[in-house]
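Enquirer: Here the sequence shown is numbered in my numbering, starting from 1 and rising by one per residue.
Everything labelled a hint here was simulated from the structure, so no lab data went into it.
Since this is a predicted model, take the numbers as computed values, not measurements.
We treat Cβ as the ideally placed atom computed from N, Cα and C, and that holds for glycine.
Accuracy of the hints is not assured; some may be wrong.
[Stated by the list, open to error] If you anchor each label on the Cβ, the simulated ranges turn out as follows: (1) E66 to G120: 26 to 36 Å; (2) W174 to I99: 18 to 28 Å; (3) S125 to D19: 43 to 53 Å; (4) D101 to D70: 34 to 44 Å; (5) L181 to G131: 33 to 43 Å; (6) V16 to S67: 34 to 44 Å; (7) V16 to G176: 11 to 21 Å; (8) G21 to D175: 13 to 23 Å; (9) P64 to A124: 33 to 43 Å.
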Amino acid sequence: MSEAAGAPSSLGPDWVLGDDGLYFRRGARVLLLDDADRLLLVRGHDLDQPERSWWFTVGGGVDPGESDLDAAVREVREETGIVLDPATVVGPVYTRSAIFDFYRQHCRQDEVLYLARVPGHVAASGLSRDGWTDVELDVVDEMRWWSLDDLRRVEIEVFPAGLADLVSPLLRGWDGVTRHLGTAHED
């Protein structure tokens, strides 16, 4: 596939050029909590803007023929080494679209966000980078478990915006309603 039709190699093969001129993919993300109600987030940067970094949820692209749930479980395993039982993953609790610049490209990702919990001993056992892609190795700086109170005080960007307030009502359990967060412009 030519670069005009497909994504530049830096983005990865799951990105396609949409009719709107943006590189597009579907994404599955996980709000991953431990039994102390701490949320696992990833901090990364863009190679084009190394001075700017932000926190975001675990997840990534949905492969062709893969369900959103299967993608979410796979992404958690690849990015953290944590193996989730799909039967224990809840949701999707949220959906959203994000428009952002990455690797000098204007991109749109339509996302589903699931909720999952892991026991404290799993969270404490350490996180693995063994499944990371070359892009993740280039742009991911750290992973960290956050209390929601600490997350509210973070001074750099957090995506999705208002994440602590989105997660807070889910601590009591999900009501079964998938809420759409709209389109976020995260440039």
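Enquirer: Confirm or reject each hint.
Expert: Structure-based check of each hint:
1. E66 to G120: 26 to 36 Å: holds, 30 Å
2. W174 to I99: 18 to 28 Å: holds, 27 Å
3. S125 to D19: 43 to 53 Å: holds, 45 Å
4. D101 to D70: 34 to 44 Å: violated, 29 Å
5. L181 to G131: 33 to 43 Å: Between L181 and G131, where Cβ atoms are some 27 Å apart, the hint is violated.
6. V16 to S67: 34 to 44 Å: Since the Cβ atoms of V16 and S67 sit about 19 Å apart, the hinted range of 34 to 44 Å is violated.
7. V16 to G176: 11 to 21 Å: violated, 32 Å
8. G21 to D175: 13 to 23 Å: For D175 against G21, whose Cβ atoms are near 38 Å apart, the range 13 to 23 Å is violated.
9. P64 to A124: 33 to 43 Å: Check passed, 36 Å falls within 33 to 43 Å.
Violation of the numbered hints given earlier is confined to hints 4, 5, 6, 7, 8; the remaining hints are satisfied by the structure.
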